[in-house]
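Listed in order, the protein sequences are those of chains W and Z. With our numbering, the residue at position 161 of the first sequence is 1139, and numbering never jumps. With our numbering, the residue at position 152 of the second sequence is 1130, and numbering never jumps.
Treat the hints as calculated values from the structure; they're not laboratory data. You may find that some hints are simply not true.
Identical copies go unnamed one by one, so any copy, or any two together, can satisfy a pair.
Claimed, not checked - Simulated pairs of lysine to any residue, SDA-like, Cα-Cα distance not exceeding 20 Å:
(1) 1337 x 1309
(2) 1143 x 1173
(3) 1145 x 1175
(4) 1145 x 1170
(5) 1337 x 1317
Listed below, chain by chain, are the residues.
Number of protein chains: 2
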Amino acid sequence: MEHIKVSRALHIILDSVTMMGSELVTLEQSLGRVLNERILSNRDLPPYDVSAMDGFAVNSGDLATIPVNLQIVEDIRAGDMPSVVLRNGQCARIMTGAPLPLGADAVIRVEDSKQVSANTVQIVVTAKSGQDVRAKGENMHSSEVVLTAGTEITPGVVGILATVKAKHIKVYRHPRVAILSTGNEIEAIDEPVDPNKIPDANTYALMAQVQALGIQPVLLGIAHDDPLELEQYLLRGLEHDVLLVSGGTSVGAYDFVRPTIEKLNVSMKFWRVAMKPGHPLAFGVLHRTISQADAQPLDAFVFGLPGNPVSSMVCFEEFVAPALRRMMGNMRLHRRTITARLAHPLKIHPRRTEFIRVKLSRDETGYLATTTGTQSSGVLLSMAHADGLLVMPAEGSNLAAGAIVVIQLLDGTAFQNEMGFEE
Amino acid sequence: MEHIKVSRALHIILDSVTMMGSELVTLEQSLGRVLNERILSNRDLPPYDVSAMDGFAVNSGDLATIPVNLQIVEDIRAGDMPSVVLRNGQCARIMTGAPLPLGADAVIRVEDSKQVSANTVQIVVTAKSGQDVRAKGENMHSSEVVLTAGTEITPGVVGILATVKAKHIKVYRHPRVAILSTGNEIEAIDEPVDPNKIPDANTYALMAQVQALGIQPVLLGIAHDDPLELEQYLLRGLEHDVLLVSGGTSVGAYDFVRPTIEKLNVSMKFWRVAMKPGHPLAFGVLHRTISQADAQPLDAFVFGLPGNPVSSMVCFEEFVAPALRRMMGNMRLHRRTITARLAHPLKIHPRRTEFIRVKLSRDETGYLATTTGTQSSGVLLSMAHADGLLVMPAEGSNLAAGAIVVIQLLDGTAFQNEMGFEE
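With the hints as constraints, model all of the structure from the sequences given.
See the structure below:
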């Protein structure tokens, strides 16, 4: 059976999946979603020149010779409008965000002034015109496009949406994802321990990987190695946008997934990928023709993932997650990568791409990558302890300690113990 | 007024905050939480030596001379137990995950065999003892500690929890966080546009930053510059574990937050930090003595954040987020950092640490950092477009283009357009 390359498999998947339709969410629900509309500014911000500091609004021309005493003619706080036009020798006490009075072109910080009397201040520095002034429209101009469709909604974007009072936002709909485990040997979480069985880790590890993308998946349970039972489960799964089936896709004689899935008119694009861990990886599309009122995409996408939890998690990372991100409108599909030095030599296995679980540490020269020890795909603990996946290309050669390698950063590793800089 | 250093401010905050008590969550709710108990394995996994491949269980001694024909005496699939002991010249067809029969010590892949007749297979490769066998207990040994308290629950950890059937998990409780905006100039999201006012971005940007940590905050709204109104809002806020107040903490004459907060017995640790953006940053502790049945920590922590949205977001990143992570039991408190080359020169402002918003691009030599343009703290768009914060230490000197700098990676940038490796 043909093993296709990792890059080819990913290409086929990303070419096949379609972006979801849109739905409205509230600002409170919008974090992590992707905009499916452009957002216009509804005002000039700031609406006029405002002070960037607490201090004194001055005419910079008055400060040619310093120190200089200025008469305080007004107090302007944020939310107030100035009532007086400054003349030579005059200034206004002004708060951060308050509008500059006419006649003023700069702000002197409180720290650079000395109160001389109740209505006189001594300024001890000079100022350039515009200094510590935020110009009208600096933040945004009225009717300008401030956010484009396809923007992922980060906290900064939420701030902008609040600024323009976008209380309901059109975003890409989330795909409905169903998860199915298969195999007589799989023991459900509610069943008592049977030493002849394997606990169902896949359902929950995949659930968490889907949840990490912001999607709440549907857990279908465990289908036994019985064609009719499996067909019923697969039919339920195919009612969703994406179906993840783990187990049952290898060449073993007792695998029913392949014939059953093909019987259900799923057009399979490939069955095996030249990678470790995880080579039994299948992908197929169910083209549906029943039209729906909401014009949502109608195809269903099926991923056949390895039965082994580590392999299944790695395949999810490399193939399913980019596909789900594309369906949700994300433009960034892949894990951020960093370069690191290898702490030890590594042997290449020819003809397949390897994804090696590594831990990262940091010294003054950058990151050091150390494998989590055994790379047996049976050891799920290695996945839990990994900071990243080291990608060993199929065409590479053995690597010596100290070699520069590329690491995909995994979830849960956005943070570190060190501040990352010295003070 | 004293400006303390960034590192000193962070030290004071992290020394003051206390870790929350614990609560039980279901496995489905556990992603992102931190374990507050150790987790023991409930079985040996695998429960016996099992096949790592689909193939033939053999005695490696039989393969001294190859090719060799072996008699297939049994089919063993995952979930079955072997019924026959292999003798010389015999093998068993075996599926991935199925137990090895007695007499076998290795597995030959289907690909390395040729079916000769219904019950005879030709093996064309030799094998080492243990080859493609996963040893009993390789994944976990019964009663061994598989996860320690303090472990963040990533998808891999969820897989392990499912493996040991931990359906309810003791995790650190989330702090209750309240958010308050202050200032007469602040316009609520439900109010009509008034050009003399500033829309309330802070409440929602902070909300999203808190949500990004998995916490659903309480939005208190906007308190006007009136001591009695402010006091009522602050009292409500202090009923939570953490209160974030934005605006009103500068030295301006119209700031009521400081006197009001001190009147409420909040012990303020500092008011200003030598940093840009964001130097009006305050932190205080309300020591409470009323004991509670659930023995939760009783202190409330107050952060006074700048009124400016960019400054407020940067201060949240640098001070509030690490504090919340510590309260939730996280051991990793700070953003992951990477090194990058500067795309252009940068000028240092002495005596304060600067956090400069940058975009990152990648070439074959690593990351290149470019500022988002204006670093005016009025421009919230720059925060929305930033991939990271470049940290310029207070004691540094001006940097030339090409200089190596440290970048804290921000949220929403875990992904990139490129796979990060070539195939």
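Tested hints:
When the C-alpha separation of residue 1337 and residue 1309 is checked against a cutoff of 20 Å, the pair qualifies only between copies, where the shortest distance is 16 Å, while the shortest distance within a copy is 28 Å. Taking CA atoms no more than 20 Å apart as the test, residue 1143 paired with residue 1173 passes between copies only; the shortest distance there is 14 Å, against 58 Å inside one copy. With identical chains, the CA atoms of residue 1145 and residue 1175 are at most 20 Å apart between copies only, with a shortest distance of 18 Å across copies and 51 Å within one. Taking the shortest alpha-carbon separations for residue 1145 and residue 1170, only the inter-copy value of 13 Å comes in at or below 20 Å, while the best intra-copy value is 49 Å.
Proximity of residue 1337 and residue 1317 under a CA criterion of 20 Å is satisfied in both settings, with 13 Å inside one chain copy and 18 Å between copies.
Checked against the numbered hints above, the structure breaks none of them.
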